[in-house]
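If you're matching positions, the sequence shown starts at 589 in my numbering and goes up one per residue.
Just so you know, these hints were derived from the structure itself, not from any lab.
Just so you know, not all the hints are guaranteed correct.
What the hints assert, rightly or not - SDA-like cross-link-like pairs, simulated, lysine to any residue; straight-line CA separation at most 20 Å:
id: 1; residue 1: K608; residue 2: T631
id: 2; residue 1: K608; residue 2: V671
id: 3; residue 1: K608; residue 2: A636
id: 4; residue 1: K608; residue 2: S675
id: 5; residue 1: K608; residue 2: W678
id: 6; residue 1: K608; residue 2: D656
id: 7; residue 1: K608; residue 2: I638
id: 8; residue 1: K608; residue 2: G695
id: 9; residue 1: K608; residue 2: T667
id: 10; residue 1: K608; residue 2: N673
id: 11; residue 1: K608; residue 2: A679
id: 12; residue 1: K608; residue 2: Q624
id: 13; residue 1: K608; residue 2: A674
id: 14; residue 1: K608; residue 2: A662
id: 15; residue 1: K608; residue 2: R703
id: 16; residue 1: K608; residue 2: L709
id: 17; residue 1: K608; residue 2: F686
id: 18; residue 1: K608; residue 2: T625
id: 19; residue 1: K608; residue 2: L633
id: 20; residue 1: K608; residue 2: D672
id: 21; residue 1: K608; residue 2: F635
id: 22; residue 1: K608; residue 2: S590
id: 23; residue 1: K608; residue 2: W652
id: 24; residue 1: K608; residue 2: N676
id: 25; residue 1: K608; residue 2: G668
id: 26; residue 1: K608; residue 2: A692
id: 27; residue 1: K608; residue 2: T591
id: 28; residue 1: K608; residue 2: I630
id: 29; residue 1: K608; residue 2: D705
id: 30; residue 1: K608; residue 2: R708
id: 31; residue 1: K608; residue 2: Y702
id: 32; residue 1: K608; residue 2: V637
id: 33; residue 1: K608; residue 2: L657
What you are looking at is a predicted structure, and each value in this text was computed from that prediction instead of being measured.
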Amino acid sequence: MSTIAGQALFNSGPHRFIIKPVGMLFVPPLTFDPIQTTTDVITPLEFAVIQTGRLIGASEADLWAQVDLIRLRAEARLTGDLVDNASNTWAGMTLLRFAPEDRADRGRAISLAYRADYIRLAP
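Let the hints inform the model, and build the full structure from the sequences given.
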């Protein structure tokens with residue numbers, strides 16, 4: 589079971605977590621200037637995790653209630669520990685964006701694919 593700030597928002601369906609590149613933001617040689625011969629290091633990258641998956645509802649109303657709750661949490665910049673399905677924990681993560689796909693799939697249950705972006709914001 590995964591959670592953000594102790595809230596299990598996405599557990600109605602399957603989902604996975606992807607860690608975005610970490611380290612430093614840099615500009616390789618020759619990117620902006622034909623005589624640039626060195627790599628320019630700009631700044632540290634913020635730690636980010638992307639979650640993709642499907643929300644599953646027993647009915648259309650149930651699915652859209654889940655979407656509305658997640659939307660409210662993203663708009664409020666919900667911040668806390670992010671715990672994935674394998675109990676890996678990342679402290680101080682903020683749910684910054686929730687992007688549902690453009691259509692719901694209907695079968696035995698109704699489901700909706702999504703992407704959620706979490707970032708550890710600099711203090």
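Quick rundown of the hints versus the structure:
Restraint check for K608 and T631: the C-alpha separation of about 16 Å stays at or below 20 Å, so the hint holds. For the given pair, K608 sits about 16 Å from V671 by alpha-carbon distance, which is consistent with the 20 Å threshold. A distance of roughly 5 Å separates the Cα atoms of K608 and A636; the hinted pair therefore holds under the 20 Å criterion. Among the hinted pairs, K608 with S675 is consistent with the structure: their alpha-carbon atoms are about 18 Å apart, no more than 20 Å.
Among the hinted pairs, K608 with W678 is consistent with the structure: their alpha-carbon atoms are about 13 Å apart, no more than 20 Å. The hinted pair formed by K608 and D656 fails the criterion: a straight-line CA distance of about 26 Å is larger than 20 Å. Annotation: proposed proximity of K608 to I638 holds, straight-line Cα distance about 7 Å (limit 20 Å). Taking the CA atoms of K608 and G695, the gap is about 33 Å. The hint is violated against a cut of 20 Å.
At roughly 18 Å between alpha-carbon atoms, K608 and T667 fall within 20 Å of each other, so this suggested pair holds. For the suggested pair K608 and N673, the alpha carbons sit about 17 Å apart, so the restraint of at most 20 Å is met. About 16 Å separates the Cα atoms of K608 and A679, which keeps this hinted pair within 20 Å; it holds. Only pairs whose Cα atoms come within 20 Å are accepted, and K608 paired with Q624 is rejected, the gap being roughly 28 Å.
This hinted pair checks out: K608 and A674 have alpha carbons roughly 18 Å apart, not beyond 20 Å. Of the pairs offered as hints, the one joining K608 and A662 holds, with about 19 Å between alpha carbons and a cut-off of 20 Å not exceeded. Of the supplied pair hints, the one linking K608 and R703 holds, its CA atoms being roughly 13 Å apart against a limit of 20 Å. Simply put, K608 and L709 have alpha-carbon atoms about 14 Å apart, close enough for the 20 Å limit, and the pair holds.
Restraint check for K608 and F686: satisfied, since their Cα atoms lie roughly 16 Å apart, inside the 20 Å limit. Between K608 and T625 the CA atoms are separated by roughly 28 Å; this puts the pair beyond 20 Å, and the hint is violated. Between K608 and L633, the direct Cα distance comes to roughly 10 Å. Compliance with the 20 Å bound is thereby established for this hinted pair. In summary, the hint linking K608 to D672 is supported, as the alpha carbons are separated by about 15 Å, within the 20 Å threshold.
Annotation: proposed proximity of K608 to F635 holds, straight-line Cα distance about 7 Å (limit 20 Å). A C-alpha spacing of about 18 Å is found between K608 and S590, which places the hinted pair at or below 20 Å, so the restraint holds. Between the alpha carbons of K608 and W652 the distance comes to roughly 28 Å, so the proposed pair goes past 20 Å and is violated. Taking the CA atoms of K608 and N676, the gap is near 15 Å; set against the 20 Å cutoff, the hint holds.
Annotation: proposed proximity of K608 to G668 holds, straight-line Cα distance about 18 Å (limit 20 Å). Note on K608 and A692: the hinted pairing is violated, with a Cα-Cα distance of about 27 Å set against a maximum of 20 Å. A C-alpha spacing of about 19 Å is found between K608 and T591, which places the hinted pair at or below 20 Å, so the restraint holds. Using a Cα cut-off of 20 Å, the hinted pair K608 and I630 holds, with the two alpha carbons roughly 18 Å apart.
For a cut-off of 20 Å, the pair hint linking K608 to D705 stands: about 10 Å separates their Cα positions. For the given pair, K608 sits about 12 Å from R708 by alpha-carbon distance, which is consistent with the 20 Å threshold. About 17 Å separates the Cα atoms of K608 and Y702, which keeps this hinted pair within 20 Å; it holds. Between K608 and V637, the direct Cα distance comes to roughly 6 Å. Compliance with the 20 Å bound is thereby established for this hinted pair.
Annotation: proposed proximity of K608 to L657 is violated, straight-line Cα distance about 25 Å (limit 20 Å).
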